[in-house]
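Input sequences plus hints: build the corresponding full structure.
Chains A and B, in that order, are what the protein sequence lines are. Following full-length UniProt numbering from start to finish, the first sequence increments by one per residue and tops out at 585. Following full-length UniProt numbering from start to finish, the second sequence increments by one per residue and tops out at 585.
The reader is advised that the hints may include incorrect statements.
If several chains are the same, the list does not tell them apart, and a pair holds so long as it fits within one copy or across any two.
Listed below are the simulated DMTMM-like cross-link pairs for lysine to aspartate or glutamate, each with C-alpha atoms no more than 20 Å apart in a straight line [to be verified]: (1) K331 x D222; (2) K73 x D236; (3) K316 x E582; (4) K49 x D20; (5) K49 x E89; (6) K490 x E557; (7) K233 x E159; (8) K49 x E557; (9) K562 x E402; (10) K499 x E64; (11) K380 x D465; (12) K233 x E419; (13) K233 x E46; (14) K217 x D500.
Bear in mind the hints are in silico, worked out from the structure with no lab data behind them.
Number of protein chains: 2
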Amino acid sequence: MNPYTAPLTEMRFLLEHVFDASNTWSKYPAIAEAVDIDTAAAILDEADKVSRELIHPLNREGDEQGVQFIDGKVITPDGYRDVYAQYVEGGWVGLCGESNFGGMGMPKMLGVLVDEMSYSGCNAFTLYGSLTAGAALCIHAHASESLKDKFLPKLYSGEWAGAMDMTEPQAGSDLRNIRTKAVPQADGSHHITGSKIFITGGDHDLTENVIHLVLAKLPDTDGISLFLVPKYKVSDCGELAGSNGVTVGSIEHKMGLKGSSTCVMNYDNAQGFLVGRANRGLVCMFTMMNYERLAIGIQGLGSSQAAYQMAAEYAKERIQGKAAQGGSGNKQGDPIIVHGDVRRMLLNIRTLTDAGRALAVFTGKQLDVAKHATGEEQKKADRLVGLLTPVAKAFLTDRGLEATITAQQVFGGHGYIRETGIEQLVRDTRIAQIYEGTNGIQAIDFLGRKLIGDDLFALKELVTDIQQELDDMSHVESQYKNQLFGLINKFVEVIAEIKDKRHQQSALINACAVDSLDAFGYILYGYFWLKMTESAAVNMDKEFARAKQQLTHFYFEKLLTKANYHLSLLRTGDQSVMAIDESLF
Amino acid sequence: MNPYTAPLTEMRFLLEHVFDASNTWSKYPAIAEAVDIDTAAAILDEADKVSRELIHPLNREGDEQGVQFIDGKVITPDGYRDVYAQYVEGGWVGLCGESNFGGMGMPKMLGVLVDEMSYSGCNAFTLYGSLTAGAALCIHAHASESLKDKFLPKLYSGEWAGAMDMTEPQAGSDLRNIRTKAVPQADGSHHITGSKIFITGGDHDLTENVIHLVLAKLPDTDGISLFLVPKYKVSDCGELAGSNGVTVGSIEHKMGLKGSSTCVMNYDNAQGFLVGRANRGLVCMFTMMNYERLAIGIQGLGSSQAAYQMAAEYAKERIQGKAAQGGSGNKQGDPIIVHGDVRRMLLNIRTLTDAGRALAVFTGKQLDVAKHATGEEQKKADRLVGLLTPVAKAFLTDRGLEATITAQQVFGGHGYIRETGIEQLVRDTRIAQIYEGTNGIQAIDFLGRKLIGDDLFALKELVTDIQQELDDMSHVESQYKNQLFGLINKFVEVIAEIKDKRHQQSALINACAVDSLDAFGYILYGYFWLKMTESAAVNMDKEFARAKQQLTHFYFEKLLTKANYHLSLLRTGDQSVMAIDESLF
Numbered sequence: 001m002n003p004y005t006a007p008l009t010e011m012r013f014l015l016e017h018v019f020d021a022s023n024t025w026s027k028y029p030a031i032a033e034a035v036d037i038d039t040a041a042a043i044l045d046e047a048d049k050v051s052r053e054l055i056h057p058l059n060r061e062g063d064e065q066g067v068q069f070i071d072g073k074v075i076t077p078d079g080y081r082d083v084y085a086q087y088v089e090g091g092w093v094g095l096c097g098e099s100n101f102g103g104m105g106m107p108k109m110l111g112v113l114v115d116e117m118s119y120s121g122c123n124a125f126t127l128y129g130s131l132t133a134g135a136a137l138c139i140h141a142h143a144s145e146s147l148k149d150k151f152l153p154k155l156y157s158g159e160w161a162g163a164m165d166m167t168e169p170q171a172g173s174d175l176r177n178i179r180t181k182a183v184p185q186a187d188g189s190h191h192i193t194g195s196k197i198f199i200t201g202g203d204h205d206l207t208e209n210v211i212h213l214v215l216a217k218l219p220d221t222d223g224i225s226l227f228l229v230p231k232y233k234v235s236d237c238g239e240l241a242g243s244n245g246v247t248v249g250s251i252e253h254k255m256g257l258k259g260s261s262t263c264v265m266n267y268d269n270a271q272g273f274l275v276g277r278a279n280r281g282l283v284c285m286f287t288m289m290n291y292e293r294l295a296i297g298i299q300g301l302g303s304s305q306a307a308y309q310m311a312a313e314y315a316k317e318r319i320q321g322k323a324a325q326g327g328s329g330n331k332q333g334d335p336i337i338v339h340g341d342v343r344r345m346l347l348n349i350r351t352l353t354d355a356g357r358a359l360a361v362f363t364g365k366q367l368d369v370a371k372h373a374t375g376e377e378q379k380k381a382d383r384l385v386g387l388l389t390p391v392a393k394a395f396l397t398d399r400g401l402e403a404t405i406t407a408q409q410v411f412g413g414h415g416y417i418r419e420t421g422i423e424q425l426v427r428d429t430r431i432a433q434i435y436e437g438t439n440g441i442q443a444i445d446f447l448g449r450k451l452i453g454d455d456l457f458a459l460k461e462l463v464t465d466i467q468q469e470l471d472d473m474s475h476v477e478s479q480y481k482n483q484l485f486g487l488i489n490k491f492v493e494v495i496a497e498i499k500d501k502r503h504q505q506s507a508l509i510n511a512c513a514v515d516s517l518d519a520f521g522y523i524l525y526g527y528f529w530l531k532m533t534e535s536a537a538v539n540m541d542k543e544f545a546r547a548k549q550q551l552t553h554f555y556f557e558k559l560l561t562k563a564n565y566h567l568s569l570l571r572t573g574d575q576s577v578m579a580i581d582e583s584l585f
Numbered sequence: 001m002n003p004y005t006a007p008l009t010e011m012r013f014l015l016e017h018v019f020d021a022s023n024t025w026s027k028y029p030a031i032a033e034a035v036d037i038d039t040a041a042a043i044l045d046e047a048d049k050v051s052r053e054l055i056h057p058l059n060r061e062g063d064e065q066g067v068q069f070i071d072g073k074v075i076t077p078d079g080y081r082d083v084y085a086q087y088v089e090g091g092w093v094g095l096c097g098e099s100n101f102g103g104m105g106m107p108k109m110l111g112v113l114v115d116e117m118s119y120s121g122c123n124a125f126t127l128y129g130s131l132t133a134g135a136a137l138c139i140h141a142h143a144s145e146s147l148k149d150k151f152l153p154k155l156y157s158g159e160w161a162g163a164m165d166m167t168e169p170q171a172g173s174d175l176r177n178i179r180t181k182a183v184p185q186a187d188g189s190h191h192i193t194g195s196k197i198f199i200t201g202g203d204h205d206l207t208e209n210v211i212h213l214v215l216a217k218l219p220d221t222d223g224i225s226l227f228l229v230p231k232y233k234v235s236d237c238g239e240l241a242g243s244n245g246v247t248v249g250s251i252e253h254k255m256g257l258k259g260s261s262t263c264v265m266n267y268d269n270a271q272g273f274l275v276g277r278a279n280r281g282l283v284c285m286f287t288m289m290n291y292e293r294l295a296i297g298i299q300g301l302g303s304s305q306a307a308y309q310m311a312a313e314y315a316k317e318r319i320q321g322k323a324a325q326g327g328s329g330n331k332q333g334d335p336i337i338v339h340g341d342v343r344r345m346l347l348n349i350r351t352l353t354d355a356g357r358a359l360a361v362f363t364g365k366q367l368d369v370a371k372h373a374t375g376e377e378q379k380k381a382d383r384l385v386g387l388l389t390p391v392a393k394a395f396l397t398d399r400g401l402e403a404t405i406t407a408q409q410v411f412g413g414h415g416y417i418r419e420t421g422i423e424q425l426v427r428d429t430r431i432a433q434i435y436e437g438t439n440g441i442q443a444i445d446f447l448g449r450k451l452i453g454d455d456l457f458a459l460k461e462l463v464t465d466i467q468q469e470l471d472d473m474s475h476v477e478s479q480y481k482n483q484l485f486g487l488i489n490k491f492v493e494v495i496a497e498i499k500d501k502r503h504q505q506s507a508l509i510n511a512c513a514v515d516s517l518d519a520f521g522y523i524l525y526g527y528f529w530l531k532m533t534e535s536a537a538v539n540m541d542k543e544f545a546r547a548k549q550q551l552t553h554f555y556f557e558k559l560l561t562k563a564n565y566h567l568s569l570l571r572t573g574d575q576s577v578m579a580i581d582e583s584l585f
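Right, here's the structure in full:
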């Protein structure tokens, strides 16, 4: 099996041409100072090398060995510490971090591509840095200047790691019921006491300190507040200053992601510092959550790409059966890629992964605009980020699991053997549909808040832009445009119907949420395929452009039509879902 | 977590009412002598006990411990030997075996239900007995009388186990390339030399002998022959008579099914006995394969049922969030089963599993008729078995994986933790889509041979029967009948189109196979739902009948419509699948 190699041509094509990074970046001085398109290309090249030569080699053995919990300490698999040190040394943790606190200030539309490579290389390893970057983002957005000064440079440099501590046994998707307490102290800090579960990267041996962002309740309130709680106290001059009552109760034994620690964290009068306003912790945490949700979407994308490469390579090498259409004449048979069913599987993965990458870069671009633009342009991008985040999280991870399972099927019996590695991708990717808010929760956020709660405003803005863009395309067959127009209009219509009916059918949004997100996802990917086809015809060589046309053909014929199925379900409402008595389940 | 409990009411309902076991069995003296409906009910009760009290307790720990390979010996997990001994003692291995060789002679339509319970209890454990029964079936159908006398009683009694040895590293889906050699000996036996991989139950410590059915090539021929090769030689009086050159090279480390041994088997001049005619080994092996394919379908069904029970129980207990439609008023929240999205997931599993059980019993019934009837009745049942077998294998296992993954999603973060047990079901079930012929191979068999190769004859026979039956139903809404009629007619039409176009598009069958099987599967399940609803209205109490109506409503609204999507793909042909150059993958 060849090592993972990043799809650099695809990535540059998206960045340079499809989403026009140069013109976007030059509009915003903060980005233009940090990067131009050539620097971005050099960063991608370097990230490919890091993923291929450093990160990917950790993947298999880390799964076999797993994280260990010995004498209260969490030990990562062999090699993790060395590679993390080099990863940190390369500045990768702070890639998109704020430059005034030591980050590299890179735009997110570049960052998502680097993240993809890293997740393709090793899901488990990548989480440590990803959570650190997310924690830093949250601290930067909501913490006091003194907390920022004290913690951000260490987080961006990667010397310290970050973690988010939300879940408790009785409080998962519903955080109202958390019990962790925060008691105010005379010096303005708080004493945090309680237990958290499922804390990814809650502790490990990669960094000298772990900075926890912990949800807890102040006395006499049901509100939830956010606290920064370091594993080791930090003195005013930034030195470690002894234990802080933060201990690991145990680590979980999981289906996959075995190189990533998942901890039970105990807080015993640990010193914590309020981040943001009291009782507004969920709002602050959601800054981090939205970032993490996109990152987790990219976990799904990275796994899809890795799975595709493995399956395509195997299909080109494995000799079995003869081509129905003639074939090589080799008596032993032909490589299985000649078979229609194998091609169908590979093309399913390929077209969903390529479009998924477009979704990631598109969402990253909106994050950049939302951060750096002003006025209406900024607000519009912000609305679009809100609309796209649950889709990026859920649709990329659902397709991610499908991709790994489909790739495993291409391997036949060999796909079930641990040595081959593809089954690990299935196990590692599975969690991405669950954590950072299950995909059901994402869908309810999408349909309930981002579409209906918004009175379809952001949706209609996006639709207008897409329609305008489709009209302007001159290298795309009009039948595809019409097919997509039809679906988009039907989607808007059906969502408006749900909005009108939601008071009569109280479970309507909950019951229809997943289908609404799926319908939207397939439609959006159709838009990206046309956008890529158009851009390839204009900007790339003939072979590249032809491949995009052929992949668009496949996508429109075989996958986009799934949107019809999901749309048809949206019209059927919640009655058949809710009618059955609980006792009959 | 409560232990697994078999859905006995559902099972008896199918057997006694939906598929009218009494009248079927009374027609065939061989069955009528062995069993009546009351005995069958008692057997189901006993099988439930065995699955719940003996088999299921092996499941979790067997996964943690796995099969070990020490000093050339395969050691099953703790408890397997004891339970297997009790399982054998109960006569379960020979349940459907021939009574003149010590089997219990039970009909398959009962056997599938017992198999389901056992797979629900523990996938890995169940395979040992299932392969033994399959090997016995093949020996009974094709071996000489002396081989039958010598081996069948020991296999049915469970004293010896069976295994099927087909795959070699270079010969998986395509068996033409096997290299294992069989050299004729003066005494009429053969010396078998070669290596086989992926041999489920190839060796273990549960029985004193393992009887291998090995595919090999006779000298100077490309034909493939089947040989019975015991691990230990057997004397004329049936005693073990020393080693036979059969050794285990290694065992595989797999994604799941860790309590089931998957062996590399080496044959070094091992004594083997020809089964069936020379160079006709594949035909003989397919007798076993067809049996195993249904059995593996039932692995998917058993996992679905186990997953459903776990998820439904969790959803009724886990408090999280408040019901959109009001709820209990409990400040902590409501059980998650109040949420539309959770119900949607549970109902997806439930309606596919209940209909899947109907498919299993229906297929079992056709096997019984094909075995015991005569004349045209027998031939028709035989054709139907041919049509249904690939569907039962592929559709039940594809839905099985979906069911386990959906159930895992209901568990949220807890679903990813090994302790909970649901992630094991995902891992154990995954293989069922791959082995005994990948589901892609099943689909190609279905579309290429069973539909088009048969000129749609068996399909049209089935369709005529279904239409007749639908016409006669008086407790089923006509809108459902019409919806189903429409889909059935469209399916026949589309398949006829493929038949007409197949010479112009050489990859058409291969590229469309999976969608044809899926379309058929969803349509067939629609038929079973109406059949169950009708029968429940006539034969069962009001609450049971109402539940069936409500589940039918859900199935027809939310799942049957998937058939439309697959049918639409069938119309698009193979062009978009085949156009892309191999080098672009």
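These are the hints, each one checked on the structure:
Proximity of K331 and D222 under a CA criterion of 20 Å is satisfied inter-copy only: 12 Å between copies versus 74 Å inside one chain copy. Within a single copy, K73 and D236 get their C-alpha atoms no closer than 27 Å, and across copies no closer than 63 Å, so neither meets the 20 Å cut-off. Within a single copy, K316 and E582 get their C-alpha atoms only as close as 51 Å, which misses the 20 Å cut-off; across copies the closest is 8 Å, which meets it. Taking the shortest Cα distances, K49 and D20 never come within 20 Å of each other, neither inside one copy (25 Å) nor across copies (66 Å).
For the homomeric pair K49 and E89, the shortest alpha-carbon distance inside one copy (14 Å) is at most 20 Å, but the shortest distance between copies (61 Å) is not. Both within a single protomer and between protomers do K490 and E557 lie at most 20 Å apart by alpha-carbon distance, with minima of 18 Å and 19 Å respectively. Taking the shortest alpha-carbon separations for K233 and E159, only the intra-copy value of 15 Å comes in at or below 20 Å, while the best inter-copy value is 66 Å. For a Cα distance limit of 20 Å, the shortest separation of K49 from E557 qualifies neither inside one copy, at 36 Å, nor across copies, at 50 Å.
For the identical chains of this complex, K562 and E402 are neighbours both inside a copy (14 Å) and across copies (17 Å), given an alpha-carbon limit of 20 Å. Proximity of K499 to E64 under the C-alpha cut-off of 20 Å is found in neither arrangement, the shortest distances being 49 Å within a copy and 49 Å between copies. In the homo-oligomer, the alpha carbons of K380 and D465 lie at most 20 Å apart inside one protomer (12 Å), although the nearest pairing across protomers, at 59 Å, exceeds that limit. Proximity of K233 and E419 under a CA criterion of 20 Å is satisfied in neither setting, with 43 Å inside one chain copy and 34 Å between copies.
For a Cα distance limit of 20 Å, the shortest separation of K233 from E46 qualifies neither inside one copy, at 35 Å, nor across copies, at 62 Å. For the identical chains of this complex, K217 and D500 are neighbours neither inside a copy (37 Å) nor across copies (70 Å), given an alpha-carbon limit of 20 Å.
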